[in-house]
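Number of protein chains: 2
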Amino acid sequence: MLDSQIKKQLRDIVGENHYKDDPEALITHSYDGTPMLQSMPDGVIYPENTNQVSAIMKVLSQHRIPVIGRGSGTNLCGGTVPVQGGVIMVMHRMNAILEVDMLNLTATVQPGIITKQFIEHIEQLGLFYPPDPSSMSISTIGGNIAECSGGLRGLKYGTTKDYVLGLEAVLASGEIIRTGGKLVKDVAGYDLTKLLVGSEGTLAIVTEATLKLVPPPKYKKTMLAMYKDIYDAARTVSKIIENRIIPATLEFMDNPTIRVVDDFAKLGLPLDMAAILLIEQDGDQELVERDIQRISEICREEKADSISIASTPEEGMKLMTARRSAFTALARLRPTTILEDATVPRSKIAEMVLEINRIAEKHQVNICTFGHAGDGNLHPTATTDARDHEEIHRVEEAFAEIFEAAIRLGGTITGEHGVGLVKAPFLEWKVGSVGIELMKGIKQVFDPHNILNPGKMFAKESRRRVVIDRG
Amino acid sequence: MLDSQIKKQLRDIVGENHYKDDPEALITHSYDGTPMLQSMPDGVIYPENTNQVSAIMKVLSQHRIPVIGRGSGTNLCGGTVPVQGGVIMVMHRMNAILEVDMLNLTATVQPGIITKQFIEHIEQLGLFYPPDPSSMSISTIGGNIAECSGGLRGLKYGTTKDYVLGLEAVLASGEIIRTGGKLVKDVAGYDLTKLLVGSEGTLAIVTEATLKLVPPPKYKKTMLAMYKDIYDAARTVSKIIENRIIPATLEFMDNPTIRVVDDFAKLGLPLDMAAILLIEQDGDQELVERDIQRISEICREEKADSISIASTPEEGMKLMTARRSAFTALARLRPTTILEDATVPRSKIAEMVLEINRIAEKHQVNICTFGHAGDGNLHPTATTDARDHEEIHRVEEAFAEIFEAAIRLGGTITGEHGVGLVKAPFLEWKVGSVGIELMKGIKQVFDPHNILNPGKMFAKESRRRVVIDRG
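Chains as they are written, first to last, in UniProt numbering: chain H, 1 to 471; chain L, 1 to 471.
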């Protein structure tokens, strides 16, 4: 609980009803999309505009009270869990699309807009915003910016950072900065825009974003290729790219994922396959048809057991929606679902999937793997039970080995979910101790009293590298 | 001159012949592509590998000696002029293409490789590296990374930062860091890769870069549209984009530029036109033909006086080469050529060109304007004479007003040339005093003793905003 004087100051800024600290408000903001993490905030505040955010930050800064910016809390890294208490700043009231500029192909939005609502609005205007995290029906653009969200279209179109041209943000001090603009090119000083994207709420509170829009693809087509051997599926991925074809989507599901997705979405998928590739190409019709034709040939050359091409856009959409539901489907299996995003160069995905399976077996835990094969971004997902401490310990050991394997294969500990709380002990494995020191230095420049989302990204103690048992 | 003990230490690292401080070496490294700037270094060093760079940095750091990384010195912002003396570190010996990874579509290179040589090598392998600064026949990839170089293909393909996936770099302390990797997605901590790109040698010396490659376009076509009214040309630019067509290249030349380019390249351009657009589309043949057809219609609708479509790739190449020669052609007019890169949202280019002309007339100076209209990146270029101090003063006043106008129209002081020495007094206009403080803080984290390219990006005194005379 905050001091009553401070609470009064905050209520004076946002109005009586927009600062809450009743048990319901505190409990519902004590956790996010990440399993097994909970910590109570002291209050929850809902600012209406940038000036309010600035005024709030001045109060919190003066009293050294932690503040955690939050959209819909769908992140999977514990990014919005208030581990040191403080105030959760929920951005949902700041949800306006301020402008769509048809001449410059940009949109300027507030951070609280729901991703899917934004995308639908843009599509109605005949434009396209590609980043499409699986959580997009509830996630916010502000949350996507904080985490640099990816999605199924990342291979061809890139991720959130490729679409953020400019930001307005409030520093810990309450000062308001503006970076970039409606500019494709801007090299005036260090790129603070790209530094803020993916900074997980540790450097500033984003209050406005100018996003790049692109012309929409005119046509798309979806196909499935099914494999009895996981290596054949992985080789197909590399071979498609090697053939200079960049599909819009190139997704992978292993056998356990196929089973649960099919049970959930009733697609009639063959349950005896080792792996399925879900492939979508978009663009002009003649090119899409030609690419899908060529991709089918490659799948056959690489011994796909069967190939099916969606005959209608609706059928294609159904397949994509089923893939997006993988997390939800897996979550029905057991009480706790831990979805990770170890990422490797795309040439290494077969090796990585086999490593994951070996590690899961070694620790006797259930791990399904699916993900964005085209960009090497895999989602090994453990289905477990948080109440079984001994099993959870084994799951954690397994994931530590999985991150280790990803690094060893030239990859990273997180491709699109962020570091947050859960990956913090592993960050040093990827960026080294000098990298950590540089990042901590940057944090200190933006937030000298460490009030912006403290306890995230940088762990008190880095986890020691595990010794991989290659036996 | 450095102390003889320090010189010995440096020669012990690189070998006797690779540290120079004879007058020829010092004078040839006292200036770069920027006119009217010269400052003598104390020495010039040519490292052979990353370990030598690290060892050199340790020596220079210990003695607080400035170090300026340099490729071919083609930059236009005074970025490599050693304003505080010190050692120029020339990267030409580190010019290897270390790997082209055909499965992951990446190339790993040393910084000293010449951009055009790299591009040609990649194209021979059937791949494509889009960033194409006009200086590419002599510039290096390391220089392009330091300045975040753009080029003629930036509209469709982006600039250097969109193609740098990972870096190896040496800090001021001599410590070696590695960022990113062969990974399309990596959100492990702050994005140090994008922070280093465009940091103008002020944060670290880049010693290795992993670059993203893409499938090459199969076909391209070039066309010219000529206008009697500059506004019609500008409206055409916006209307092409509004029609959801993103050309590979969309270049603008005003009348004075047309005249000198034609005189230089003997193209037979009509010399009475107010503006010419040079447009290139690439991709699959049927789409290119369709886009060029539609673009021609738009040009006609917007009252182009005449339109000519290159009938052969050679003719197209000739037009593009002529455009690339604009700087060289203008440089023949008078002893001193000052090429700037004020950038505005693309919807504002007509307004910006008229502002430039108004400002040039007000100050009675010669300014030609050409540039990358599609991304609002204009190159107002003054032809003048450095020996005429009074005229140079008027040119400087004119450029200050041009930057002011760019900012007022939602633009920036530099789209692709960097801040360096020449834009440093204006940086605050774009990023604000808080932005400057953040950037200085970041600089301090990477380079606490300010030995990496000191005196750049941050001016001792910011220039006061000029009062625009709207009369």
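Calculated from the structure, these hints are not laboratory results.
One should not assume that every hint holds.
Pairs involving identical chains hold if they fit within one copy or between any two copies, as the list cannot separate such chains.
Straight-line Cα separation of at most 20 Å, PhoX-like style, residue types lysine-lysine; simulated pairs [stated by the list, open to error]:
{"#": "1", "residue 1": "Lys7", "residue 2": "Lys460"}
{"#": "2", "residue 1": "Lys440", "residue 2": "Lys318"}
{"#": "3", "residue 1": "Lys156", "residue 2": "Lys218"}
{"#": "4", "residue 1": "Lys116", "residue 2": "Lys228"}
{"#": "5", "residue 1": "Lys212", "residue 2": "Lys239"}
{"#": "6", "residue 1": "Lys8", "residue 2": "Lys318"}
{"#": "7", "residue 1": "Lys8", "residue 2": "Lys212"}
{"#": "8", "residue 1": "Lys303", "residue 2": "Lys440"}
{"#": "9", "residue 1": "Lys116", "residue 2": "Lys7"}
{"#": "10", "residue 1": "Lys156", "residue 2": "Lys212"}
{"#": "11", "residue 1": "Lys228", "residue 2": "Lys239"}
{"#": "12", "residue 1": "Lys318", "residue 2": "Lys218"}
Hint-by-hint comparison with the structure:
1. Lys7 with Lys460: neither (30 Å within a copy, 43 Å between copies)
2. Lys440 with Lys318: Cα proximity of Lys440 and Lys318: none, with 44 Å in one copy and 51 Å across.
3. Lys156 with Lys218: both (15 Å within a copy, 18 Å between copies)
4. Lys116 with Lys228: neither (36 Å within a copy, 45 Å between copies)
5. Lys212 with Lys239: between (31 Å within a copy, 17 Å between copies)
6. Lys8 with Lys318: Classified as neither: same-chain Cα gap 51 Å, cross-chain 70 Å, threshold 20 Å.
7. Lys8 with Lys212: Neither, since 40 Å and 53 Å both go past 20 Å.
8. Lys303 with Lys440: neither (49 Å within a copy, 57 Å between copies)
9. Lys116 with Lys7: Neither: 34 Å inside a copy, 62 Å across copies.
10. Lys156 with Lys212: both (15 Å within a copy, 13 Å between copies)
11. Lys228 with Lys239: So Lys228 and Lys239 pass the 20 Å test inside one copy only (18 Å; across, 51 Å).
12. Lys318 with Lys218: Within one copy only: 19 Å inside a chain, 33 Å across chains, cut-off 20 Å.
Hint check: violations occur at hints 1, 2, 4, 6, 7, 8 and 9; the rest are consistent with the structure.
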